[in-house]
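Novice: So the sequences go chain by chain: X and U.
Residues in the first sequence are numbered consecutively from 315, following this note's numbering.
Residues in the second sequence are numbered consecutively from 1016, following this note's numbering.
If you are wondering where the hints come from, they were derived from the structure by calculation, not from laboratory data.
Where hints are given, some of them may not hold.
Label pairs and their computed distance ranges (CB to CB) [to be verified]:
(1) X/358 <-> U/1205: 53 to 61 Å
(2) U/1154 <-> X/563: 41 to 49 Å
(3) X/369 <-> U/1138: 23 to 31 Å
(4) X/382 <-> U/1205: 35 to 43 Å
(5) U/1163 <-> X/489: 53 to 61 Å
(6) U/1157 <-> X/563: 39 to 47 Å
(7) U/1063 <-> X/435: 17 to 25 Å
(8) X/336 <-> U/1154: 48 to 56 Å
(9) X/567 <-> U/1110: 18 to 26 Å
(10) U/1205 <-> X/435: 20 to 28 Å
(11) X/553 <-> U/1163: 30 to 38 Å
(12) U/1052 <-> X/336: 32 to 40 Å
(13) X/567 <-> U/1055: 53 to 61 Å
Every residue gets a Cβ at the ideal spot worked out from N, C-alpha and C, and that includes glycine.
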Amino acid sequence: MKKQLQALWLTVILVLLYVPILSVILASLANTRYMRFPHRNWSIGAYTDAFSQQETLVLHLVSLKVAALVTLLALVLATLGAMAFARYDWRGRSIYQKAVVLPIFFPQPVLGLALLLFFSALGITPSWKTAVFAHLVWILPIVTLVISIRLFGYDPAQEDAARDLGATRLQTLREVTLPHLAPGLISGGLFAFLLSWSNLPLSIFTTGADTTLPEWLFSRVATNYAPVVSAIAVIGTLASVLFGLVVLAALWMQRRAARQSSSASASISTA
Amino acid sequence: MKQRAGYLFMAPVALFLLVGFATPIFIVGWYSLIEPRTFELTSDLTLANYRAAFTEGYGGPFYWSILGAFATVATCALLAWPTAKMLHARAGRGAAIVTGLIAVPIFVSESVRLFGLSLFLMPGGGILAGSLKALFGVSIGTVLNTKIAVWLGLVYVHFPFMLFPLLLGVALIPQDRIDAARDLGASRWQVLREIELPLALPGLAIGALLTFVLCIGANAEAAILGGQAVTVVTRAIEQRFSYAQDWPMGAALTMLVTLVTALVVFPVLSRIDLNRLIRR
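Chain X on its own, in the form it takes in the complex:
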């Protein structure tokens, strides 16, 4: 009885989390001027409209540009930052650890406004490039944490062993350190991309004349309803889901390869 009640509770939580997303999908399946659910005529007209608009493509490209650049920069910087966070024990580390997470504990719209003022004080005109900078301020700490979690389970003695066995610094990095970090890098990159792709509060204030997908949706949702808005919301979300699945598949394959190579080396050592 208790078990069934618990299962019911978890189901209700999940249903509630997905009902709004499902609602957008349902709303997108009709092409009427006003929302009248249940639809009298179900159609995919909104999607054909969305695909025939140049704007759909432009919005996706701006979001893609921003997210790709954020991911790349965040991965490079966060890998270095995570080494200082989790790998080395140095004086000042605990202060650094707390300072790094501060931007996560800061209201994003307020951060966006502050950055807008900062850019204008410097005489920089906001565009998608300033949005990359803004996203990084919030996403870099998160990716640093994600990679740090992986690094905490890392034994630096492996590197010394590789060096003792004659590996060069570069070889050690490529064949010992990076393979261990790989899962952390992949999930860190996934976080960076998806959080940038879906970000609204920072983009609103820092993209200037450019418009990202969430921004466009926000402005259209707040003003006037049209089925094409739902359709574009679904397309944009599916694009990120697809990206997430590809990355997760890569992670899974990497794990399998690691397991196989470790079982192969185990069989060599037993032979």
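Starting from the known structure of chain X, arrange chain U on it as the hints suggest.
Specialist: For chain U alone, kept in the frame of chain X given last:
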């Protein structure tokens, strides 16, 4: 060697956050101290904007944002606590899938999810109202464009941010400690208050902190679900910057939000050992 490596590796991130996080806040602080409705950073400094912040009716937006943040933290904690306990107790494939499914919406844009919630709650032809009418012939009203809708939206968006730190916290409770307390005759309530809550506190604190901070700046919920029902503080600030062209006033309000955030964040963060929570 370790010292040097530490400094070397922290330098890029530290430098970036110094430029991208500390400097903007400093500049906002500076703007907040110049004459109202001016744009010259070189002019004389004044506290006029802060005086105006306390006397010119900005209390409402601050009140609603802070109240909304507290209400959301409380609601999310009440919902997330049993959920975290259940997921922890059932550790296994099923729980992992449920946990993953709860995480996915974090990566769906707020604008999409809140839009969905407004479609669901819409009166007349909305998803909920329309379905009920078609299936049972029942007509219902709507909470859309009220404060309740804003609160629902805040809880909906921030629930995962409470749940995940709480999961880490609940994992810090050893089961044998609970069993021992029960054997010694402790009631459920006593176990919760004297064993579970104190042990899970780091996770609960981080979750509450994250939720509170995200809510205090939240404005999309009020804009999409609240209609004209409530003006949140971010909206008030934004209006200073855009329509009113009074940047110093907007900056002063921004500094006040930063102050409220800092007063909540620093005491909690300084008491929590991050290493312990994420190292496993």
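Novice: Give a verdict on every hint.
Specialist: Structure-based check of all given hints:
1. Under the hint 53 to 61 Å, the C-beta atoms of residue 358 of chain X and residue 1205 of chain U, about 58 Å apart, fit the expected range.
2. The supplied range of 41 to 49 Å is met by residue 1154 of chain U and residue 563 of chain X, whose beta-carbon atoms lie about 47 Å from each other.
3. Taken as a hint, the range 23 to 31 Å holds for the pair residue 369 of chain X and residue 1138 of chain U, whose Cβ atoms sit roughly 30 Å apart.
4. Range check, residue 382 of chain X to residue 1205 of chain U: about 53 Å between beta-carbon atoms, so the 35 to 43 Å window is missed.
5. Roughly 58 Å separates the CB atoms of residue 1163 of chain U and residue 489 of chain X, a value that falls within the hinted 53 to 61 Å.
6. In this structure the supplied range 39 to 47 Å holds for residue 1157 of chain U paired with residue 563 of chain X, their Cβ-Cβ distance being about 42 Å.
7. Checking the proposed 17 to 25 Å range against residue 1063 of chain U and residue 435 of chain X shows it holds: the Cβ atoms sit about 20 Å from each other.
8. Between residue 336 of chain X and residue 1154 of chain U the beta carbon distance is about 22 Å. The supplied range of 48 to 56 Å is therefore violated.
9. Against the hinted window of 18 to 26 Å, the Cβ-Cβ separation of residue 567 of chain X and residue 1110 of chain U comes to about 24 Å, which satisfies the hint.
10. In this structure the hint that residue 1205 of chain U and residue 435 of chain X lie 20 to 28 Å apart at CB is violated, the actual value being about 56 Å.
11. A hinted range of 30 to 38 Å for the beta carbons of residue 553 of chain X and residue 1163 of chain U is consistent with their spacing of about 33 Å.
12. At roughly 48 Å, the beta carbons of residue 1052 of chain U and residue 336 of chain X sit outside the given window of 32 to 40 Å.
13. At roughly 58 Å, the beta carbons of residue 567 of chain X and residue 1055 of chain U sit within the given window of 53 to 61 Å.
The structure does not agree with the numbered hints 4, 8, 10, 12 stated previously, though it agrees with the rest.
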